[in-house]
Every structure is written in structure tokens, then in C-alpha cells.
Amino acid sequence: MDKKTIKKIKKGDKKAFRALYDEYYQAAMRASIAMLKNESDASDAVQETFIRVYKGIHTYDDSKPFKPWFYRILTNEVRRLVSKRKPETDIDQVPQSAFHDKSTQPEADNEILDEAMERLKEDHREALVLKYVEGLSEKEMSSVLEISVGAVKSRLFQARKLLREELRGDYHGQEQV
Amino acid sequence: MDKNKFNQMLEAKLKQEYEVNERQKEKTWKAIEDELDFVQPKKKKSKWVGFAATVAAAVILVIGLMNTTPGYALVDKVKEWFAPEKDVEIPIEGTEEEGTSYLNDQTEHGYVIYVDEERYMLEEHEGYDIITTKEPLPEQYPEVFMKIIRKKDQSVDETISQLEAKHGFTFEQTAYPINAQTARTLDGNNWDSVINRYYVIPDEDGGSYIFHQRFFLEAEEGHGARLDAMMKDFEIVEENDE
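Which chain is which? The protein sequence lines are E and U, in order.
Take the first sequence: its position 148, counting from 1, is numbered 148 in this note's numbering, and each next residue is one higher.
Take the second sequence: its position 93, counting from 1, is numbered 270 in this note's numbering, and each next residue is one higher.
No wet-lab data here; the hints were simulated from the structure.
A virtual CB, placed ideally from N, CA and C, is assigned to each residue, including glycine.
You may find that some hints are simply not true.
What the hints assert, rightly or not - Mimicking PhoX-like on lysine-lysine, the simulated pairs with C-alpha atoms at most 25 Å apart in a straight line are:
#: 1; chain 1: U; residue 1: K311; chain 2: E; residue 2: K8
#: 2; chain 1: E; residue 1: K67; chain 2: U; residue 2: K202
#: 3; chain 1: E; residue 1: K14; chain 2: U; residue 2: K182
#: 4; chain 1: U; residue 1: K311; chain 2: E; residue 2: K11
#: 5; chain 1: U; residue 1: K202; chain 2: E; residue 2: K37
#: 6; chain 1: U; residue 1: K207; chain 2: E; residue 2: K8
#: 7; chain 1: U; residue 1: K207; chain 2: E; residue 2: K15
#: 8; chain 1: U; residue 1: K324; chain 2: E; residue 2: K67
#: 9; chain 1: U; residue 1: K324; chain 2: E; residue 2: K11
#: 10; chain 1: E; residue 1: K15; chain 2: E; residue 2: K64
#: 11; chain 1: U; residue 1: K202; chain 2: E; residue 2: K14
#: 12; chain 1: U; residue 1: K204; chain 2: E; residue 2: K15
#: 13; chain 1: U; residue 1: K182; chain 2: E; residue 2: K8
#: 14; chain 1: U; residue 1: K311; chain 2: E; residue 2: K161
#: 15; chain 1: U; residue 1: K202; chain 2: E; residue 2: K15
#: 16; chain 1: U; residue 1: K409; chain 2: E; residue 2: K67
#: 17; chain 1: E; residue 1: K10; chain 2: U; residue 2: K204
#: 18; chain 1: E; residue 1: K10; chain 2: U; residue 2: K202
#: 19; chain 1: E; residue 1: K15; chain 2: U; residue 2: K328
#: 20; chain 1: E; residue 1: K55; chain 2: U; residue 2: K328
#: 21; chain 1: E; residue 1: K139; chain 2: U; residue 2: K182
Claimed, not checked - Residues on chain E that point at chain U, a partial pick, calculated with CB under 7 Å:
#: 22; residue: S43
#: 23; residue: Y54
#: 24; residue: F66
#: 25; residue: Y132
Bound-form chain E, shown alone:
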């Protein structure tokens, strides 16, 4: 996002804000769906993210990259939605056995991966999405997640390790992905 557009948004220019929306909408939806696994929730998160971006744009320091700032807001929104829905559908608390019922066992790799991702803890899933879906660098992730680069590396390592384990479980010991 170029500085001129940001400056115009800071002045309240809605056309400039629409340009930002057009540029970031697709990526924001992709990341939100990957983290929330629900298009309706993802849409809510994206909507709220853009509202917060507009309202908070005056706090953005344009000497720094915009992308991590944007994803930090998006990630916070996703977290907020996850915490809101936790009492009903906390995917981290769903018993593992629920995903191993043979009658619902997915066959497609993508579905297997999706379900394995869902079983990861929120912070691990978040890290994998930012890294592999949005292609953020570890430095950018450090800014988004507000943790050190070392902690990002560690979180990614743990996330990959746990995902591999989940996938092994789905394939009864055979790693397919």
C-alpha cells in the first residue's frame, strides 16, 4: 500500500480506502477462512478488520510497512471471534476421537489437512496461515504477532511438528501430506 493512498485515507478519503479494500480483501478473506474455517465468520472478521483499519489509520506509522500492521488487526479480529465462539465450538477442546469417526473420515487430502489444521491450537494455526497462506516473513510475523523472531521460529517449528502428528493420526500412521 503506497504512502499517498495511506495519507489520503488518513484525511478521510473513502475512494482511497476503497482502493485499500480492493487490494487487501482477497488476502484477508483467504487468511481468515484458513484460520476460522468458516466463510461467514471470516467475512465478519474481515468486515470488522477494515472498519478498525479505517478508524485506526491515524495510529499507523507510515515509516513502517503497512502489511504487518494490517495483519495484526486481522489476527486480533480472528482471535476475538474465536474467543467469542469458544463456549460453543472450541475446536481446541473437541475430543480427538470426534475427528476419527470412520463414518466422517475425510478422503480428500485437502479436507484431511483442513481438519488437522482445525485441531491445532489457535496460535499454531495462526502462525502457519501467516507463513504459508500469506507468505509473511518471520520478521513480519514477529511484528504481527508481537513476539520475537526467535519465538516465531519456535512457534512455526512446533506448529509444523504438531500438524505432522495430526496428519499421521488421520492416516493411521502414514504421512500423506
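Since the structure of chain E is provided, determine the placement of chain U on it from the hints.
Relative to the frame of chain E, chain U by itself:
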């Protein structure tokens, strides 16, 4: 599967392109627009900052009751009473925008004005002062400014006659944003059609002031409203002869 291959596979499978649902996208945009329009700045009464400003406001109020032209100070010391900054509310597209304006002391030209320095700046030029956008507008946008020109030796009538002869329009008395003789030109109906607005008021010393605003059609509710708001905070002060 080795670690690198696992990572590659992971990236390939996770990074499946999300196909934008245009209908959903526009629905979300509409909701965002509604929400942003819905959020209105907290309304609060404009206030002077500090005791000195309160005194100045009272003086201006009294003067305002005595005279329908913009408030002016009776003594040159009045300028000392103006607060260095003040909270303002600017009506823009049905909502009110809050902001802070800063005192610009142009006593040598017989006035003071509060300028929204977040967006604009006042510059002095030979024969006039000009308020322009702080950040230059991109090339495709027409100019935005408000010139304040003092015609010390020219009465309001003389100034009006001169401008009418030069531009071919006719002035009329209006009360908004200040009591003034006003004329306006518009050079088309496109978003970037240029608008010129002229306001002429007496300088309280036999001369006159011209406010020449220029902006473009799409900016009428934005820059136009903000320039008008600044005009409302224009005050004539007696020149300091010290």
C-alpha cells in the same frame, strides 16, 4: 517425507487461491460504509481553551450583537486574548467532524484566523496570504486554496465592482459562513470541475478583504466545508502601530 518437501506441500495445499465472491465483497463493503457513516463524532459544543479565550469569546459575542459583519476586536490587545488553539466542529456531509484549529496571528494584515493545521497551512505571499493543503494534492486534482487579500485602499463596493468587471459575475449578500458579499463560479459538472468562491467584507478601516476559495466539485463538502469553517474563525484586529 523430508522437512522441506513437507513445507512445500503444506504451502501448496494451504495457499489455495480464495476466489472472491463479488456479491459478498460488495455486501461487506456496504456494511463497512454503513458502519463508518454510522459512527458520528461525539457532538460537543465548541469551546475556547482557557480563561483568556473565554474572555475573547465574550467580547466577540458582544461585538457580534452590535454588528452583523464578522467579529472584530476593538483594541489591538484583543489579539492577546485569543487562545493559541481551539476545538472546532466542521459539518461535513451531514456529520460533524471534530478537530483542533490553531491561531495564526496575521496582525500585520489586520486579522487573526484559526487554521486546521492538521490538513492546511497558511503561507504569506506578496499582497496576500494563502491557506493551502499541507500535503500537496496528487496531480490529477485541481488546486485547493483560500487566498486572503486585503485591499486597504479599496472599499467593499469598489472591490466588488472590480471583481464583477473582471469575472462577469454578480455579487450577492449572504450570511453563511459569514456575512459577506459573495459570488461563485463553477466550470462544469465533472468531479474535478473547478469552483471559485469569492467573499468580500469590509476591513473596518475603509478598505476590504477578499476571500478567494478554489477547490473542485467533488471536494465541495470536504475542502469547501473546511475552508468555510476556517472563515468563521477569521477575526479583524486593529493593527499594532508599535
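Hint by hint, here is what the structure shows:
no. : hint               : result
1   : U/K311 with E/K8   : 12 Å, holds
2   : E/K67 with U/K202  : 20 Å, holds
3   : E/K14 with U/K182  : 44 Å, violated
4   : U/K311 with E/K11  : 11 Å, holds
5   : U/K202 with E/K37  : 18 Å, holds
6   : U/K207 with E/K8   : 20 Å, holds
7   : U/K207 with E/K15  : 13 Å, holds
8   : U/K324 with E/K67  : 40 Å, violated
9   : U/K324 with E/K11  : 22 Å, holds
10  : E/K15 with E/K64   : 23 Å, holds
11  : U/K202 with E/K14  : 16 Å, holds
12  : U/K204 with E/K15  : 17 Å, holds
13  : U/K182 with E/K8   : 44 Å, violated
14  : U/K311 with E/K161 : 53 Å, violated
15  : U/K202 with E/K15  : 16 Å, holds
16  : U/K409 with E/K67  : 41 Å, violated
17  : E/K10 with U/K204  : 24 Å, holds
18  : E/K10 with U/K202  : 23 Å, holds
19  : E/K15 with U/K328  : 40 Å, violated
20  : E/K55 with U/K328  : 44 Å, violated
21  : E/K139 with U/K182 : 23 Å, holds
22  : S43                : 6 Å, holds
23  : Y54                : 6 Å, holds
24  : F66                : 17 Å, violated
25  : Y132               : 4 Å, holds
Of the numbered hints stated above, those contradicted by the structure are hints 3, 8, 13, 14, 16, 19, 20, 24, listed in ascending order.
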